[in-house]
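*Asks:* Let's have the full structure, built from the sequences with the hints guiding it.
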Amino acid sequence: MTAVSDVLAFAAQHPDYWGELLSSGGEYPDELDADEVEALEAATDHIGEQIESILHLAAERIVELYAGPGQLRLPRFKPTATRRNQMLRLPPPKRLQSALYGLEVIVEEAWDGKSIEVFVALNAKKSALDGIVARLASRGFEAEPWEYRIYGEGQPLVEGVTHERLATALAQSMCVLLSGCVGD
Amino acid sequence: MSYVAWLRGLAERMSRHRPQPPLTRLEYCRALARRMSAWAPQPAAVLATDSALDGFRRLVMARPQRLRFRLLGANVDRLRSLPPSEREALRVLEIEPDLLSPMGRHRSETVYASVLAHHLDPAEAPGIAPAFLRVFLRSIGCDEALFTDDLDDVEVRTERFVAGGRVDISIETSRLTVFVELKVEAAEGHDQLGRYRKALARQISEGGREGRLVYLTLRDAVLPSVPVDAHLTWDDILTMGLPLASTTGGAGSYFGRFLKSVAILVERADRGTFADWSFYIQRRALDLIEGGAR
Chain A
1 MTAVSDVLAF AAQHPDYWGE LLSSGGEYPD ELDADEVEAL EAATDHIGEQ IESILHLAAE
61 RIVELYAGPG QLRLPRFKPT ATRRNQMLRL PPPKRLQSAL YGLEVIVEEA WDGKSIEVFV
121 ALNAKKSALD GIVARLASRG FEAEPWEYRI YGEGQPLVEG VTHERLATAL AQSMCVLLSG
181 CVGD
Chain B
185 MSYVAWLRGL AERMSRHRPQ PPLTRLEYCR ALARRMSAWA PQPAAVLATD SALDGFRRLV
245 MARPQRLRFR LLGANVDRLR SLPPSEREAL RVLEIEPDLL SPMGRHRSET VYASVLAHHL
305 DPAEAPGIAP AFLRVFLRSI GCDEALFTDD LDDVEVRTER FVAGGRVDIS IETSRLTVFV
365 ELKVEAAEGH DQLGRYRKAL ARQISEGGRE GRLVYLTLRD AVLPSVPVDA HLTWDDILTM
425 GLPLASTTGG AGSYFGRFLK SVAILVERAD RGTFADWSFY IQRRALDLIE GGAR
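Chain order of the listed sequences is A and B.
Heads up: the first sequence begins at 1 in this note's numbering, then just goes up one per residue.
Heads up: the second sequence begins at 185 in this note's numbering, then just goes up one per residue.
Among the hints, erroneous ones may be present.
As the list claims (entries may be wrong) - Listed next, the in silico DSS-like pairs over lysine-lysine satisfying Cα-Cα at most 30 Å (straight line):
(1) A/94 / A/114
(2) B/367 / A/125
(3) A/114 / B/382
(4) A/94 / B/367
(5) A/94 / A/125
(6) B/367 / B/382
As the list claims (entries may be wrong) - Label-pair ranges, simulated between beta-carbon atoms:
(7) B/314 / A/2: 46 to 52 Å
(8) B/347 / A/123: 25 to 31 Å
(9) B/348 / A/142: 50 to 56 Å
(10) A/179 / B/327: 56 to 62 Å
Said to hold, decoys possible - Stretch-level coverage of chain A by chain B, calculated; a stretch enters the list once three of its residues show a Cβ under 8 Å from a Cβ in chain B:
(11) 12-20
(12) 38-50
(13) 130-136
Hints listed in this document are in silico derivations from the structure and should not be mistaken for laboratory results.
For glycine and all other residues, C-beta sits at the position ideal for the given N, C-alpha and C.
*Replies:* Following this line, the structure appears as structure tokens:
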């Protein structure tokens, strides 16, 4: 089983390096020497592979929840589209299409800006947004919407945690969010 | 060797040559795949990656502050060497707070359209709009003669209904019609620009005016589905707006806060001042200010 590597865990704990590593698109500051550029490129590739694995596993688990295994063809990531590769969008379950645009698994800065975490989020339609938030609150889950997204709890990228465990935690978090789409 | 031992050896060798039952097609494919996987140069690739990753561990992870300080130091040197006009433009990106973050609307397309339209409308923002509109129209290839005489009578509208949809921003003078379709997060709707192109053609044929269809996106890699007259990015809006916001005093303050929201959107600034930003954001802000954004 693949686990979060020391390199990914380091990058997740250093958001400025994360931004530099994953957003540079092959352009690095002139101040870096060739060895440093090579090291950053290798780390960028490695982190991209790890993120792809985590997002795909999480997406597969989430799809299994509502459609059964093997029901969705997941997109392959483009190696050069590093920024785009930090989010995976899934179609909503058919019965929730009136409330949701989609389900998302996102790698981004935690609320405090001090680390990078993996989140699941509902991309909700405006008409359904308040209802979902209210239902989640009534069930003890304080969801803070951001634009049209309702985020679940962030999962930290800690060295040694298996991708499977992260994916399961993210799917569970998505279960909680989806429960907000269903009335009492 | 005894005769018996020789016979046993012969029997064993013969048994190795016993004819195998023919493989099914599936078994053949599996065997082929096993053999091909053995050919793949995986060990070499893994070794190369590992050694390069060791470089990352040694050069970056072991001393994260060293590289950070070096990059931050280089950014500060660049900041100090900016000419005064560019330093003033950068100062706009340090205004706190920006316009949209406190409202939680920093990715809302409709809000960006409204505020941008406000600053293009001389009737709404007389302190900024005449100059900003002039720069904007020039940037989309409009000849000065098309708009200089009647900038006071320009009509700027948002969410304008046309055949085939609602245009985010429309700008009209007596001789010119401009449709601006802007994007923040969403992708272009099905044939959206094609429909606006037709609506624009109808519009200008009725009034004998010139028309421009403009597509404004986060990145220039987001290609329009049909040819447009001008494809701008939000970086272009910053490049046009920052010099104006930095020299227009009070009238530029609201505009400056809006531009800071745009800069946060495209990662050319962050909350707080330059010193609070990561070296990555600092570098992107400096690239923009120094004119190397695109």
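*Asks:* Now tell me if each hint is right for this structure.
*Replies:* Right, here's what the structure says about each hint:
no.: 1; hint: A/94 / A/114; verdict: violated (37 Å)
no.: 2; hint: B/367 / A/125; verdict: holds (18 Å)
no.: 3; hint: A/114 / B/382; verdict: violated (49 Å)
no.: 4; hint: A/94 / B/367; verdict: holds (27 Å)
no.: 5; hint: A/94 / A/125; verdict: holds (14 Å)
no.: 6; hint: B/367 / B/382; verdict: holds (20 Å)
no.: 7; hint: B/314 / A/2: 46 to 52 Å; verdict: violated (59 Å)
no.: 8; hint: B/347 / A/123: 25 to 31 Å; verdict: holds (30 Å)
no.: 9; hint: B/348 / A/142: 50 to 56 Å; verdict: violated (42 Å)
no.: 10; hint: A/179 / B/327: 56 to 62 Å; verdict: holds (59 Å)
no.: 11; hint: 12-20; verdict: holds (count 6)
no.: 12; hint: 38-50; verdict: holds (count 8)
no.: 13; hint: 130-136; verdict: violated (count 0)
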